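Engineer: For chain A, the structure is supplied; the task is to place chains B and C on it using the hints.
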Amino acid sequence: MAGLHHLYLTVGPARFRVASTWRQPLDQLAALYKDYPASQGGYADFTVRLEPEKPWRRYIRPSVHISGDFWLPDAAPLPLSQCLLAAEMGMNLQMALGWRRHLLLHASSVEKDGKALLMTGLSGSGKSTLSAMLAEKGWRFMGDEFALLNPDTGMVHSFPRLISLKNEAIAAMQAILPDSRFGPLLTGTPKGDIRHIIPPLDAVKRMADTAKPALLLFPRFGYDPVLRDMGKSEIFVRLTQASTNYVALGETGFQALTKFVDRVPTKAMDYQSGEQAEELIDSLWSQL
Amino acid sequence: MMGDARPLIDALRAPETVLSLDGTGWTDLISIARAESLIGSLAHRLADVAVPEQIQPVLKDAIQAADLARRQALWEADCAGRALAPLNCNTVLMKGTAYVAADLDAGVGRSIGDLDIMVARDQLTAVEELLLDAGWEWVKPDPYDDQYYRDHMHELPPLIHRERDRMIDVHHTILPLTAGPTPNAGAMLDYAVRLDSGLYVMAPADMLLHSIAHLFADGDLAGGLRNLWDIDRLVRQFAGADELFWMELGVRAKLHQLEPHLARALRLTARLYATPVSENLSGSTNMTDHFYIRRLLARDGWGRENRKFTRQAFYIRSHWLRMPPLMLTRHLWTKWRKA
Amino acid sequence: MSQLYRTTAPEGIIQRPLDSMTLIFQKSSGITHMIADPVPAILEVMAEDSLTARDVAQRLAVSYDLEDSENAADVVLARLAELCTLGLVEQV
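Those protein sequence lines, which keep their order, are chains A, B and C. When you number the first sequence by this note's numbering, it's gap-free, plus one each residue, and the end is 288. When you number the second sequence by this note's numbering, it's gap-free, plus one each residue, and the end is 339. When you number the third sequence by this note's numbering, it's gap-free, plus one each residue, and the end is 92.
These are computed hints drawn from the structure, not numbers from a lab. The model shown is predicted, which means the values in this text are computed figures rather than measured ones. Glycine included, C-beta positions come from ideal geometry on N, C-alpha and C. Treat the hints with care, since some could be wrong.
[As the list claims (entries may be wrong)] Partial list, derived from the structure: chain A residues whose beta carbon lies under 8 angstroms from chain C:
{"no.": "1", "residue": "F70"}
{"no.": "2", "residue": "D229"}
{"no.": "3", "residue": "G231"}
{"no.": "4", "residue": "S233"}
{"no.": "5", "residue": "T244"}
{"no.": "6", "residue": "V247"}
{"no.": "7", "residue": "G250"}
{"no.": "8", "residue": "V261"}
{"no.": "9", "residue": "R263"}
[Said to hold, decoys possible] Taking CB as the label site, the calculated pair distances span:
{"no.": "10", "chain 1": "B", "residue 1": "N280", "chain 2": "C", "residue 2": "A81", "range": "53 to 59 angstroms"}
{"no.": "11", "chain 1": "C", "residue 1": "Q3", "chain 2": "B", "residue 2": "V139", "range": "57 to 63 angstroms"}
{"no.": "12", "chain 1": "B", "residue 1": "S197", "chain 2": "C", "residue 2": "S2", "range": "24 to 30 angstroms"}
{"no.": "13", "chain 1": "A", "residue 1": "M155", "chain 2": "B", "residue 2": "D67", "range": "20 to 26 angstroms"}
{"no.": "14", "chain 1": "A", "residue 1": "T153", "chain 2": "B", "residue 2": "M287", "range": "22 to 28 angstroms"}
{"no.": "15", "chain 1": "C", "residue 1": "L4", "chain 2": "B", "residue 2": "E53", "range": "42 to 48 angstroms"}
{"no.": "16", "chain 1": "B", "residue 1": "P86", "chain 2": "C", "residue 2": "D37", "range": "29 to 35 angstroms"}
{"no.": "17", "chain 1": "B", "residue 1": "E163", "chain 2": "A", "residue 2": "T189", "range": "32 to 38 angstroms"}
{"no.": "18", "chain 1": "B", "residue 1": "S197", "chain 2": "A", "residue 2": "A76", "range": "38 to 44 angstroms"}
{"no.": "19", "chain 1": "B", "residue 1": "G113", "chain 2": "C", "residue 2": "D19", "range": "33 to 39 angstroms"}
{"no.": "20", "chain 1": "A", "residue 1": "Q287", "chain 2": "B", "residue 2": "D165", "range": "40 to 46 angstroms"}
{"no.": "21", "chain 1": "C", "residue 1": "D37", "chain 2": "B", "residue 2": "G113", "range": "35 to 41 angstroms"}
So here's chain A without its partners, still in its complex pose (with noise of 0.2 angstroms):
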């Protein structure tokens, strides 16, 4: 059987080692993780694997299955043209079925003077694109994809992954930031275009610095501006759906998300472009 070459990875909390049949997406990671720290002993928390899907499929007409130490039964592949994308859902993939030192929200994060500003909704909601279009903005970009509540402080951990950008994002943000921030463009993927960029360097470096929750959006994009009040049980559902694992801590997943329903100021979001969210926010985050 083919060995696998492999490279550890160390987002926030959590350790990678991602194995890969194909050099390719490990040297697309090293290249865009190269400030990240690096191997720590050959300690990980969980083991990414890309490989064929069979095993003729490793040259004609490359085709990535992604698995690992969790994995689900019915991961479509990926060609090989979209191996970072893999490398990528790959790792989502563990923290969301396996991680369990925090709670997992799936929300956007950033932050300033030591409190955060989350970010959560559908897909569509621009919550990714606003955190890095904040991030250029004088804030301290967390992470675009899960936001890690700490169950016994109720402070929020940094996950500063790459940022995923889709569709239109790409053109919003190549228009401010230049080409070295900037992964591979991946067409045609399930999601559309993607493509990732870099995380200021300023978030890598104090990717370990927690935050205090201080304000939970909504946002939704596409609609007149406007800012909305919810009612506690409405958000407390709406989180429920949005955590990978509230179910799996059982009482500590309990215990923090009311804890954080009870403390963190609350609103839905509507607004139809990057400067109108931004007007929004600052308006909430004055009144704090």
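Structural biologist: For chains B and C alone, kept in the frame of chain A given last:
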């Protein structure tokens, strides 16, 4: 490095062997243990060992995950017990749920998936109705599979609870009806032991024999290291508590036509986990044991199953064990056509 | 209506009121239930006693100044049946 599942076997058998592992060795061990669904058992087993601080949180997570699995399994058992209460039949818990319900060593840290229960065959229809009333639904309403299960298998087609999203398998015996040996299901039910909850578990010898039948008859020895670890734990606990256990085990193995299976399982667990076993029952090493060992250890340090050929060979064999050839062909054909 | 009910292991649940709803975390199952009025009140007045639906309705009438009627007992009975399915209440 990256060879086979031996680091896991070593760590379970003799926890102090992990002291010699470096970082990569630990990462390999964790991947193997997760792939074999033994990470919770391993974490408990290493409770008294000086584990490097880099790995302590991984093991702590595994212990908490197993605690949750245990709680959920007991709750599912309670739910099934409540649903079946009007029937007044003996509901026997099986496998992982039985181990945790009876508070056995085999349940410590064990991963538990579906709920498996056994009831008397003549109660099946009534059980089915009560479960459907209480919120369980058929997993796949497929007439072919359904008929196949009802005609040839040892269980009802699987049911899933529509709110809790958990599966239940209702058995009326422990092996497919087409398998060679015919265990005496009635005797297993008669000997079952009542727990405080009102649910039952099999008597020690029957419980061990079921675990053994499960190891050889279900699938292609996949997950075999976990099954064999169950067997090791059960043997040590039962034989340690009752000096007549081996005698009883021999009698029950004969009754259930599982003597060769018992002998093989005892040899394998003695070989891999150093389980103290009765040589009267285990017999002496058989040449083919070697293949079983290789199959059981077929897992590399990345967590991948390796030695595909051995695996394939076992898969075909495991189907032959359960189904007469013609029926097998028909079964596969139907599957191929649908694929 | 003579069937007696009691709550299962009150120490086994954690209640958290959130605006209009109440969350109940059930330790034995790990399930979070979201319940609306009058269920939290029913659980509260039952305390640790074994009661019929009628008894519960009467206690609600006293504690919450609700109208006690045959109809109220029917409502309570329906809620008790649901709570039994969830394992929060059991028949005695």
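Engineer: Given F70(A) was flagged as interface, is its beta-carbon under 8 angstroms from a beta-carbon of chain C?
Structural biologist: Hint on F70(A): violated, closest Cβ of chain C at ~19 angstroms, above 8 angstroms.
Engineer: Is it true that L4(C) and E53(B) lie within 42 to 48 angstroms of each other by Cβ?
Structural biologist: violated (54 angstroms)
Engineer: Verify the CB-CB distance for E163(B) and T189(A) against the hinted window 32 to 38 angstroms.
Structural biologist: holds (35 angstroms)
Engineer: Quick one, is the T244(A) hint okay against chain C at 8 angstroms, beta carbons?
Structural biologist: violated (15 angstroms)
Engineer: Does the beta carbon distance between Q287(A) and D165(B) stay inside 40 to 46 angstroms, or does it fall outside?
Structural biologist: holds (42 angstroms)
Engineer: For the hint 38 to 44 angstroms, verify it against the beta carbon of S197(B) and that of A76(A).
Structural biologist: holds (43 angstroms)
Engineer: Given G231(A) was flagged as interface, is its beta-carbon under 8 angstroms from a beta-carbon of chain C?
Structural biologist: Holds. Min distance 5 angstroms.
Engineer: Report holds or violated for the interface hint on G250(A), using the least CB-CB distance to chain C and a cut-off of 8 angstroms.
Structural biologist: G250(A) check passes; min Cβ-Cβ to chain C is 5 angstroms, inside 8 angstroms.
Engineer: Go ahead and decide if the range 22 to 28 angstroms is satisfied by the Cβ distance of T153(A) to M287(B).
Structural biologist: violated (59 angstroms)
Engineer: Does R263(A) pass the interface check with chain C, least Cβ-Cβ distance below 8 angstroms?
Structural biologist: violated (13 angstroms)
Engineer: Using the C-beta atoms of D37(C) and G113(B), is the stated range 35 to 41 angstroms upheld?
Structural biologist: At 38 angstroms between Cβs, range holds.
Engineer: Should the hint that D229(A) touches chain C count as held when the rule is a Cβ pair under 8 angstroms?
Structural biologist: violated (11 angstroms)
Violated hints for the displayed structure, listed by number in ascending order: 1, 2, 5, 9, 11, 14 and 15.
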